[in-house]
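Enquirer: Following the hints, position chain B against chain A.
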Amino acid sequence: MADIADKHTVTSEQAAPAERRPLPRWVITTISICVALGLWEISGRNINPIFGSYPSAIAVAFWELLKSGELVSALSTSLQPFIAGYGLAILLGVPLGLVVGRFRTAEASLGIYITAGYAMPLVALVPLLMLWLGLGFAVKVAVVFLMSLFPIVINTWLGVVAVPKTLIEVGKSFVASDVVILRRIILPATLPYIMAGIRLAVGRAVVGMVIAEFFTTISGLGAVIINSANNFDTATMFVPIIVLMVMAIGLNSLIGVVERWVAPWQAEIAGRDRE
Amino acid sequence: MGEVSFVDVSKRFSLRVDGELHHVQALERVSFTVNNGEIVALIGPSGCGKTTALRVAMGLDAATGGRVTVDGREVEGCGYDRGMVFQHAELLPWLSARENVMFGLEMKGVRGAHLRDAADKYLELVGLGSSGNRRPHQLSGGMKQRVGIARALAIDPSVLLMDEPFGALDAQTRESLQAELLDIHARTGKTILFVTHDLDEAVLIADRIVVMKNGAVQEIMKVPLSRPRPDLGLVRGMPEFVETRYKVWKTLHEDTVH
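Protein sequences, first through last, are from chains A and B. Numbered continuously in our numbering, the first sequence closes out at residue 277. Numbered continuously in our numbering, the second sequence closes out at residue 1093.
Bound conformation, chain A alone (with noise of 0.2 Å):
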């Protein structure tokens, strides 16, 4: 073989050896996904169903109730003010972050809100916003609003200040307006860094969602993860908060999607090689 190889030095390039293929990543992702489950269903089987649950017994939980519509419903219900509140965030945490980035007016008068806001231990507020705003769908919205708003604005915030100062420079220099300099340069080049906010955001939505689910009126895939646990029903009560997961994984890929559509350059730019 070596000699095959050194004759044809000029084609080698075509021929290259046989290298070994890298496994895709969807097949490595589908392998640990199933030494996960298998792991679990093994030890789980072993532990007082109520203390715990595996995996087989939460797929049985999950037709059951995906069968009696129940599921289906308390999804619905807990997704209106999900979407509902990251969607506001997203609307209203860009442009707070471009203008906390941009000006430094802003940034000094409302920084620091945003830095507490993040770091704001929203549980213990739960009750005073729900003495403001009720128990409804008004209260669950401004939970999940405020969970994923900061994670949003800060990224967003820190992308505009990372922004090439030479690249704002070329604007000035065609007589660009603030407005413009904003919309057409900082905006753009801080899309990377708006996408991974909106990304960390999903997390703490459904985090905030369950939250309000539980401390307002319990309602949703909450009040499914409450019921099933009062009544001991471990394996019940582990179906939302798969559901919940695979939700964010969901969203999460979804808006990988949208990234690679809106900046398709950054992909592009940067190297996604890795070991």
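Since the hints were derived computationally from the structure, they do not count as laboratory data. Treat the hints with care, as some may be off.
Taking lysine-lysine and the DSSO-like style, the derived pairs with C-alpha atoms no more than 27 Å apart in a straight line are [to be verified]:
1) Lys174(A) <-> Lys943(B)
2) Lys943(B) <-> Lys167(A)
3) Lys1082(B) <-> Lys1057(B)
4) Lys956(B) <-> Lys1025(B)
5) Lys943(B) <-> Lys1025(B)
6) Lys956(B) <-> Lys174(A)
From the derived model, a few chain A residues whose C-beta atoms are all more than 10 Å from chain B [stated by the list, open to error]:
7) Leu39
8) Leu68
9) Gln82
10) Phe105
11) Ala108
12) Ala118
13) Leu148
14) Val172
15) Ile187
16) Asn229
17) Asn254
Ideal Cβ placement from N, Cα and C applies to all residues, glycine included.
Expert: Here is chain B on its own, set in the frame of chain A:
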């Protein structure tokens, strides 16, 4: 049209080093004129203020004393009478080459079908007529800078200001772009003020060379080479080139010897 005059231009920076306030005199009563259609090179060691002088002329930095005028009008901020070519091209990475050229035109208020045609015309001028759809990361360093030049030329400024435009390019690409710049100059007749730290480049391209040191103009030298200079390789062998290059080199090294 396209006369740039520096009249007693001074610029002071303040910066804090280890808690102590330092004042840096970046420009000290700099005076010179770039005539209409002329190419002038600003040369000097790093930190001599040559880039600052260019930025003041562009309106990106404000002078603390004196003034710069373009065709008699005092510079107050950026304007379409000046086109800036940045050191690393600074193309907007999310726009194609054509859209980058269109960006400047759009800012100037050009709209409609004419916009795309005008951009293509200037891409053609810099030899990139067929690469308009490429994104900056799909262009080589030399091609990027060509787009940068096209973007600046497209707004039809009376003066082209260039900040070490070829400094980051490899030797061969630099040489071909230098020849191309002279060609563009011959065709458009634009006044060009460019900053460089490359002696050869200054002598090859410029009509006059402004040597700067410590923020002040040290000397202004005329390059005794006629235009056009179609073959820069040939120019390099001319005695006038060698002599001027040596004179500029000597001026640059006069004080540092002590």
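Enquirer: Please go over all the hints and tell whether each is borne out by the structure.
Expert: Here's how the hints hold up against the structure:
1. Lys174(A) <-> Lys943(B): holds (12 Å)
2. Lys943(B) <-> Lys167(A): holds (21 Å)
3. Lys1082(B) <-> Lys1057(B): holds (11 Å)
4. Lys956(B) <-> Lys1025(B): Status holds; Cα separation ~16 Å.
5. Lys943(B) <-> Lys1025(B): Holds. Lys943(B) to Lys1025(B) sits at ~19 Å (cutoff 27 Å).
6. Lys956(B) <-> Lys174(A): The hint holds at about 24 Å.
7. Leu39: holds (41 Å)
8. Leu68: The claim holds: Leu68(A) sits with its nearest Cβ about 44 Å from chain B, beyond 10 Å.
9. Gln82: Non-interface label on Gln82(A) holds, nearest chain B Cβ at 35 Å vs cutoff 10 Å.
10. Phe105: At roughly 19 Å from the nearest Cβ of chain B, Phe105(A) sits farther out than 10 Å, so the non-interface label holds.
11. Ala108: holds (23 Å)
12. Ala118: holds (29 Å)
13. Leu148: Holds: least Cβ distance 32 Å, greater than 10 Å.
14. Val172: violated (5 Å)
15. Ile187: violated (7 Å)
16. Asn229: holds (50 Å)
17. Asn254: It holds; Asn254(A) is separated from chain B by about 23 Å at its closest Cβ, greater than 10 Å.
The structure fails hints 14, 15 (numbered hints given earlier, in ascending order).
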